[in-house]
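Modelling step: build the complete structure from the supplied sequences, incorporating the hints.
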Amino acid sequence: MPRSNKKGPYVNEKLEKKVQAEKASGNPRIIKTWSRGSMVSPDMIGLTFAVHNGRKFIPVYVTEHMVGHKLGEFSPTRTFHSHAGGDKKSKMGKR
Amino acid sequence: MGLISFGKISKVHGLAGEVRFFPFSRQLDNLSTLERIFIYKTSGGSPLELIISKSRIHKNSAIFKIQGVNSIEDAEKLVGSIVYVETSDLNKLEDDEYYWFDLIGLNTYTDEGQFIGVVENLVDRSLQSLLVVKNEDKEYLIPLTEPIVKEVDLERSKIIISPVEGLLE
Numbered sequence: 168m169p170r171s172n173k174k175g176p177y178v179n180e181k182l183e184k185k186v187q188a189e190k191a192s193g194n195p196r197i198i199k200t201w202s203r204g205s206m207v208s209p210d211m212i213g214l215t216f217a218v219h220n221g222r223k224f225i226p227v228y229v230t231e232h233m234v235g236h237k238l239g240e241f242s243p244t245r246t247f248h249s250h251a252g253g254d255k256k257s258k259m260g261k262r
Numbered sequence: 005m006g007l008i009s010f011g012k013i014s015k016v017h018g019l020a021g022e023v024r025f026f027p028f029s030r031q032l033d034n035l036s037t038l039e040r041i042f043i044y045k046t047s048g049g050s051p052l053e054l055i056i057s058k059s060r061i062h063k064n065s066a067i068f069k070i071q072g073v074n075s076i077e078d079a080e081k082l083v084g085s086i087v088y089v090e091t092s093d094l095n096k097l098e099d100d101e102y103y104w105f106d107l108i109g110l111n112t113y114t115d116e117g118q119f120i121g122v123v124e125n126l127v128d129r130s131l132q133s134l135l136v137v138k139n140e141d142k143e144y145l146i147p148l149t150e151p152i153v154k155e156v157d158l159e160r161s162k163i164i165i166s167p168v169e170g171l172l173e
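Protein chains in written order, with this note's numbering: chain H, 168 to 262; chain Z, 5 to 173.
Derived by calculation from the structure, the hints in this document are not laboratory data. Heads up, a few of these hints could be off.
[As the list claims (entries may be wrong)] Label-pair ranges, simulated between beta-carbon atoms:
#1 Z:Ser166 x H:Ala188: 17 to 27 Å
#2 Z:Gly84 x H:Pro209: 50 to 60 Å
#3 H:His250 x Z:Ser92: 21 to 31 Å
#4 Z:Thr37 x H:Gly204: 37 to 47 Å
#5 Z:Glu53 x H:Pro176: 24 to 34 Å
#6 Z:Phe119 x H:Gln187: 29 to 39 Å
#7 H:Ser208 x Z:Tyr44: 46 to 56 Å
#8 H:Asn220 x Z:Ser57: 39 to 49 Å
#9 H:Lys181 x Z:Glu159: 38 to 48 Å
#10 H:Glu231 x Z:Lys63: 28 to 38 Å
[Said to hold, decoys possible] Listing some non-contacts, in silico: residues in chain H with all C-beta distances to chain Z over 12 Å:
#11 Gly175
#12 Glu183
#13 Met206
#14 Thr246
#15 Gly260
[Unchecked claim] Calculated pairs, SDA-like style, for lysine to any residue (alpha carbon to alpha carbon, straight line, at most 25 Å):
#16 H:Lys261 x Z:Val122
#17 H:Lys190 x Z:Val83
#18 H:Lys199 x Z:Arg129
#19 H:Lys199 x H:Thr246
#20 Z:Lys96 x H:Gly252
#21 H:Lys173 x H:Ser208
#22 H:Lys261 x Z:Leu145
#23 H:Lys261 x Z:Val136
#24 H:Lys258 x Z:Asn34
#25 Z:Lys58 x Z:Gly21
#26 H:Lys258 x Z:Val136
#27 H:Lys258 x Z:Glu159
#28 H:Lys223 x H:Glu240
#29 Z:Lys58 x Z:Glu101
#30 H:Lys261 x Z:Phe105
#31 H:Lys223 x Z:Glu169
#32 H:Lys237 x Z:Glu150
#33 H:Lys223 x Z:Glu124
The beta-carbon is built from N, C-alpha and C at its ideal position, and this holds for glycine as well.
Structure representation (structure tokens):
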């Protein structure tokens with residue numbers, strides 16, 4: 168169910184304060200958060216979050232493609248075990 | 005280069021000796037260009053090269069016609085075999101794309117020269133993959149993304165990262 172446009176995006180208040188503080192510091196640290204429901208805002212681009220998945224923190228480097236999504240989307244709670252091997256490939260993320 | 009496990013022959017297809025092949029990666033990019041595969045008849049023996057005379061993609065698998073396999077009886081002997089391919093036979097990737105088998109086993113260092121561990125695995129996610137780097141004591145997850153991963157040097161088996169403070173805790 169999408170959040171009402173009237174209410175605006177949800178970002179946890181404490182998380183927002185941390186984001187502002189890390190941006191102001193000039194040398195941002197990783198930001199630990201349990202707030203999986205917070206939406207990625209443009210302020211967060213370039214910061215690295217450690218988003219809790221119920222068991223451990225998963226590091227997420229925020230890029231502009233992630234804006235509008237929720238932090239929890241990048242920290243999966245279930246592990247998919249596929250067959251080892253094969254021609255799996257990954258692309259290096261861009262800023 | 006070397007052989008990597010690529011998929012499995014799951015069953016025969018039709019009566020003319022065709023077989024159905026499932027790739028482990030669930031990616032179909034390399035299937036249409038592949039011209040040869042290898043299987044091991046006995047464990048520890050040398051691999052047997054099979055030439056693909058015809059191939060076509062069917063749903064999330066491929067149908068192979070293998071040279072010299074012309075009957076359902078011959079094809080049945082291949083069912084269940086793990087298929088290996090030569091890494092040099094796979095498609096070349098773009099500059100910023102890497103096969104997992106190339107990345108696994110690389111030594112990871114910080115830009116200050118500190119050894120972090122060896123890439124044991126990767127976690128695939130839609131927008132950002134993660135390197136699973138392990139040393140004797142700890143496991144680290146490192147996003148495979150440009151400002152954090154500075155350099156991937158396949159020739160020297162080395163990845164250089166610039167970790168933000170707190171990433172390696």
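_Restraint status (C-alpha distance of lysine 258 of chain H to glutamate 159 of chain Z at most 25 Å)_ = With a Cα-Cα distance of about 18 Å, the restraint between lysine 258 of chain H and glutamate 159 of chain Z holds, given a limit of 25 Å.
*Just tell me: holds or violated, for the beta carbon distance of serine 166 of chain Z and alanine 188 of chain H against 17 to 27 Å?*
holds (22 Å)
*Does threonine 246 of chain H lie within 25 Å of lysine 199 of chain H when you go C-alpha to C-alpha?*
holds (21 Å)
_For a C-alpha distance cap of 25 Å, please report whether lysine 261 of chain H and valine 122 of chain Z respect it._
holds (23 Å)
_Just to be careful, I want the Cα atoms of lysine 223 of chain H and glutamate 169 of chain Z compared with a cutoff of 25 Å; is the pair within it?_
holds (18 Å)
*So does phenylalanine 119 of chain Z sit 29 to 39 Å from glutamine 187 of chain H, Cβ to Cβ?*
holds (35 Å)
_Quick check: does the Cβ-Cβ distance between lysine 181 of chain H and glutamate 159 of chain Z fall within 38 to 48 Å?_
holds (46 Å)
*asked:* For lysine 173 of chain H and serine 208 of chain H, compute the direct alpha-carbon distance and say whether it is at most 25 Å.
replied: holds (17 Å)
_Just to be careful, I want the Cα atoms of lysine 258 of chain H and asparagine 34 of chain Z compared with a cutoff of 25 Å; is the pair within it?_
Since the Cα atoms of lysine 258 of chain H and asparagine 34 of chain Z sit roughly 16 Å apart, the hinted pair holds (cutoff 25 Å).
*Straight-line Cα separation of lysine 190 of chain H and valine 83 of chain Z no greater than 25 Å?*
violated (58 Å)
*Confirm or reject the statement that glycine 260 of chain H sits farther than 12 Å, beta carbon to beta carbon, from all of chain Z.*
violated (3 Å)
*Verdict for serine 208 of chain H, tyrosine 44 of chain Z (Cβ pair) under range 46 to 56 Å*: holds (53 Å)
When each numbered hint is compared with the structure, violations occur for hints 5, 14, 15, 17, 29.
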